[in-house]
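Peer 1: We have chain H; now place chain F onto it with these hints.
Number of protein chains: 2
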Amino acid sequence: MNQNIIELLENKQYHDIKSLLETTHPGDISDIIESLPPHFGGIVYRLLPKDLAVSVFENLDSSFREMLLKSLKSEEVIKTLNDMSPDDRTRLFEELPAHVVRKYLALLNDNERKIANMLLGYKDYTAGRLMTTDFLELHESFTVTKALETIRKAAPNKETIYYCYVMSRDRKLTGVISLRTILLSEPEQTILELMNSSVISVQTDTLQEEVASIMAQYDFLAIPVVDLENRLVGIITHDDIIDVITEEDTEDIHLMGGVSATDRSLVDLTVWDNIKRRASWLIVLIIFQSFSTSILETYESALSSVVALSFFIPLLIGTGGNAGTQSSTVVIRAIATGELQSQDSWKVIGREFIVGFVLGSLLGIIGGVKAYLSSGNLLIGVTIGISLSVVVAIASMTGTVLPLFAEKLKLDPAVMAGPLITTVVDIVGLITYFEVAKFVLLT
Amino acid sequence: MNQNIIELLENKQYHDIKSLLETTHPGDISDIIESLPPHFGGIVYRLLPKDLAVSVFENLDSSFREMLLKSLKSEEVIKTLNDMSPDDRTRLFEELPAHVVRKYLALLNDNERKIANMLLGYKDYTAGRLMTTDFLELHESFTVTKALETIRKAAPNKETIYYCYVMSRDRKLTGVISLRTILLSEPEQTILELMNSSVISVQTDTLQEEVASIMAQYDFLAIPVVDLENRLVGIITHDDIIDVITEEDTEDIHLMGGVSATDRSLVDLTVWDNIKRRASWLIVLIIFQSFSTSILETYESALSSVVALSFFIPLLIGTGGNAGTQSSTVVIRAIATGELQSQDSWKVIGREFIVGFVLGSLLGIIGGVKAYLSSGNLLIGVTIGISLSVVVAIASMTGTVLPLFAEKLKLDPAVMAGPLITTVVDIVGLITYFEVAKFVLLT
Numbered sequence: 008m009n010q011n012i013i014e015l016l017e018n019k020q021y022h023d024i025k026s027l028l029e030t031t032h033p034g035d036i037s038d039i040i041e042s043l044p045p046h047f048g049g050i051v052y053r054l055l056p057k058d059l060a061v062s063v064f065e066n067l068d069s070s071f072r073e074m075l076l077k078s079l080k081s082e083e084v085i086k087t088l089n090d091m092s093p094d095d096r097t098r099l100f101e102e103l104p105a106h107v108v109r110k111y112l113a114l115l116n117d118n119e120r121k122i123a124n125m126l127l128g129y130k131d132y133t134a135g136r137l138m139t140t141d142f143l144e145l146h147e148s149f150t151v152t153k154a155l156e157t158i159r160k161a162a163p164n165k166e167t168i169y170y171c172y173v174m175s176r177d178r179k180l181t182g183v184i185s186l187r188t189i190l191l192s193e194p195e196q197t198i199l200e201l202m203n204s205s206v207i208s209v210q211t212d213t214l215q216e217e218v219a220s221i222m223a224q225y226d227f228l229a230i231p232v233v234d235l236e237n238r239l240v241g242i243i244t245h246d247d248i249i250d251v252i253t254e255e256d257t258e259d260i261h262l263m264g265g266v267s268a269t270d271r272s273l274v275d276l277t278v279w280d281n282i283k284r285r286a287s288w289l290i291v292l293i294i295f296q297s298f299s300t301s302i303l304e305t306y307e308s309a310l311s312s313v314v315a316l317s318f319f320i321p322l323l324i325g326t327g328g329n330a331g332t333q334s335s336t337v338v339i340r341a342i343a344t345g346e347l348q349s350q351d352s353w354k355v356i357g358r359e360f361i362v363g364f365v366l367g368s369l370l371g372i373i374g375g376v377k378a379y380l381s382s383g384n385l386l387i388g389v390t391i392g393i394s395l396s397v398v399v400a401i402a403s404m405t406g407t408v409l410p411l412f413a414e415k416l417k418l419d420p421a422v423m424a425g426p427l428i429t430t431v432v433d434i435v436g437l438i439t440y441f442e443v444a445k446f447v448l449l450t
Numbered sequence: 008m009n010q011n012i013i014e015l016l017e018n019k020q021y022h023d024i025k026s027l028l029e030t031t032h033p034g035d036i037s038d039i040i041e042s043l044p045p046h047f048g049g050i051v052y053r054l055l056p057k058d059l060a061v062s063v064f065e066n067l068d069s070s071f072r073e074m075l076l077k078s079l080k081s082e083e084v085i086k087t088l089n090d091m092s093p094d095d096r097t098r099l100f101e102e103l104p105a106h107v108v109r110k111y112l113a114l115l116n117d118n119e120r121k122i123a124n125m126l127l128g129y130k131d132y133t134a135g136r137l138m139t140t141d142f143l144e145l146h147e148s149f150t151v152t153k154a155l156e157t158i159r160k161a162a163p164n165k166e167t168i169y170y171c172y173v174m175s176r177d178r179k180l181t182g183v184i185s186l187r188t189i190l191l192s193e194p195e196q197t198i199l200e201l202m203n204s205s206v207i208s209v210q211t212d213t214l215q216e217e218v219a220s221i222m223a224q225y226d227f228l229a230i231p232v233v234d235l236e237n238r239l240v241g242i243i244t245h246d247d248i249i250d251v252i253t254e255e256d257t258e259d260i261h262l263m264g265g266v267s268a269t270d271r272s273l274v275d276l277t278v279w280d281n282i283k284r285r286a287s288w289l290i291v292l293i294i295f296q297s298f299s300t301s302i303l304e305t306y307e308s309a310l311s312s313v314v315a316l317s318f319f320i321p322l323l324i325g326t327g328g329n330a331g332t333q334s335s336t337v338v339i340r341a342i343a344t345g346e347l348q349s350q351d352s353w354k355v356i357g358r359e360f361i362v363g364f365v366l367g368s369l370l371g372i373i374g375g376v377k378a379y380l381s382s383g384n385l386l387i388g389v390t391i392g393i394s395l396s397v398v399v400a401i402a403s404m405t406g407t408v409l410p411l412f413a414e415k416l417k418l419d420p421a422v423m424a425g426p427l428i429t430t431v432v433d434i435v436g437l438i439t440y441f442e443v444a445k446f447v448l449l450t
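Protein sequence lines correspond, in order, to chains H and F.
Residue numbering for the first sequence follows our numbering, starting at 8 and increasing by one per position.
Residue numbering for the second sequence follows our numbering, starting at 8 and increasing by one per position.
Keep in mind that a hint or two might mislead.
Since the list can't tell identical chains apart, any single copy or any two copies may satisfy a pair.
[Stated by the list, open to error] Under the rule of at most 27 Å between Cα atoms (straight-line distance), these lysine-lysine pairs were calculated in the DSS-like manner:
hint, residue 1, residue 2
1, Lys-415, Lys-25
2, Lys-25, Lys-417
3, Lys-77, Lys-57
4, Lys-77, Lys-354
5, Lys-283, Lys-354
6, Lys-19, Lys-354
7, Lys-160, Lys-86
These are computed hints drawn from the structure, not numbers from a lab.
Same shape as in the complex, but just chain H:
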């Protein structure tokens, strides 16, 4: 496909490209533009019919949107920015430097500029930032016939026509009605009779992850957003929610790997961005980690009298770290998906206690036998066996309890993941190991 388009572009067969693009999905055209050399991307974009062009633009990755805007003539930029849906435009502006946003805001007509400024006024990661103002509103007094007429007229410019929101005279949200219900009803019935008045909505300052979990729970196509006075100000549609879920999961995964969140895509990040989001964590952890050195120093005499003790340090704390990482991973994810509610905490902790004990015993036997075989010293085998059992059990409990504790303190449980848990387990593990060793070997 791309090779074909490049050939057509090189031969300036613009008419053929036009007809080729007309039968292609906007999502695919965006992919094509992203894969072409920049100057060709601009040409393809200009060949698109107007309504298709905006969809293609909205589907482009952020870095390509910026690039494309720079390559367009100013009247094309004006057209694109004014025609975009307000929520996609907010997303575009969020990623641009402030002076570029100011320049682009000046290119919007009065109405679109008012909308853009309002949306940018909401806090990051809230419903207000996600929503679009292109929603369909009906009034309680409308008949089905009138409603259908309204929908037909408004359809081309609305993000969805499948859920319509009903407002009272003072613009308060009073109900919701699906196009399905309208189509199935008699022409003379009124919206007031038909609508569902126990409508579920979110507020402009509701966090995006909460919006996502509400939409997932109710299987909504769209959800209305209201202000403090319950006036309808926007809607959020299903496609934005998929992006939110992916974004929130990425943030959690990164945090669990000890990396701070970022809005930029991996490929766009600079070396400096990468260092910033990683260095602070590594420094905190190395300072914390240096306690392990102090602990080992206090056991210097044990280490000098039985050098073989040091051979098993990585095995012991590594295995403890792995067990702790497993527990914390499972608990953090269960809290994030809402699977683990606080009333179940004790049940999970109790079960994990048994699991940790069993896994500890199992690994203790494996590790102890291996240590005995490699050192030829039964007492070292016993020391490793006992220490491993205890450390794995403690690590499992630590990995379970710390995320739950963070949740109680309203901190993000994802912080209590692999890197932090292994560091805690290192310290606890070393103390356990040398106390067991002192007891078994040195008495």
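Peer 2: Using the frame of chain H, we list chain F on its own:
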């Protein structure tokens, strides 16, 4: 709300409960049933009007669905199972033991049983398993008037009426048309003129994660599923895709934490389930980890002559493990979201090389100074400083390259995460450390 319902249930004020439930969203009623004592849950379910009951049932968590089915009379079970949407029924059957599924299949009428058997015949985690057969089909020859009539008639039993699929006489999928397009068109226009014939579909054996990524890319409400002969056999709707994304992310996160995948929710897992999904990983890693013991044994003379060397082992390999975990986390997630395409691999590896070098130098200085201050020995400070720099740089590269390598080998990159990376880094880190030590301290 719940306290209120419990009081009403205790006083047997069923009429009040009924009217209370009528204005409540099915998703909320499911939550209420889940929070009530089991015998009350069954009563509330029976009080629901028939069409609402099925939605409530479909919204229940799997363990509650099983419990509720057990508490219902057999004619109620028959009604519920026959009225469920086919995709939700597949999900229910997937989680039940085989003999229960056989019993329930026998309760279905011929048509529903045929559908249920067909859907269960597809492989786990494929489009066939996710899809529903309740889709709306139109024919090319229909006029808009005829199409609207068909839609109105079929609407109550279809999962969505907002996308309609067009079939030729031999049931091949030839196009898609949205209800929006139909509503905006003239009554005499035909579907053939209006439909989009470059329809994007998936096959029954397409993996669910691929279905999710296609739907996310095109912002679809629903996607058609075809068999090998391009005959339309089902559709997958947006709400199922949100579940798939959450499920796939959970699986990735678990694997990254060294825990095998499971279909059951954390709270429902038994001690034994938990041990099974964790033990195999821990055993593989402890065997791998035991190389670290062998390595340390070869450096016995160094360790006996400078005991202080052992004090820094946890600090060194811990910090290396953290840096490696960071890199692998970011790369694995970027591969999973499709952000990192193979053509960008070298760019990312190159950048990570510089990042690892800078972070290594930074941590080397911090660690080296700390080691010098705590040991009072400049050469130990230098040894730790150099080793830390090298280990962090190597760990960053390892964490970047291993997931990309796994991807090339068509393995799941999520395996190359924290637990495995830290184990690899332990071994590489120890060799580096003692070689540097031998060079700096012992020559």
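Peer 1: Against each hint, give a clear statement of whether it holds in the structure.
Peer 2: A quick look at each hint next to the structure:
In this assembly of identical chains, the alpha carbons of Lys-415 and Lys-25 never lie at most 27 Å apart, being 58 Å within a copy and 36 Å across copies at closest. In the homo-oligomer, the alpha carbons of Lys-25 and Lys-417 never lie at most 27 Å apart, since the shortest distance is 55 Å inside one protomer and 38 Å across protomers. Taking the shortest alpha-carbon separations for Lys-77 and Lys-57, only the intra-copy value of 18 Å comes in at or below 27 Å, while the best inter-copy value is 58 Å. In this assembly of identical chains, the alpha carbons of Lys-77 and Lys-354 lie at most 27 Å apart only when taken from different copies (24 Å versus 57 Å within one copy).
Taking the shortest Cα distances, Lys-283 and Lys-354 sit within 27 Å of each other only across copies (19 Å), while inside one copy they are farther apart (39 Å). In this assembly of identical chains, Lys-19 and Lys-354 lie within 27 Å of each other by CA distance neither inside one copy nor across copies; the values are 69 Å within and 32 Å between. When the C-alpha separation of Lys-160 and Lys-86 is checked against a cutoff of 27 Å, the pair qualifies only within one copy, where the shortest distance is 22 Å, while the shortest distance between copies is 42 Å.
The structure fails hints 1, 2 and 6 (numbered hints given earlier, in ascending order).
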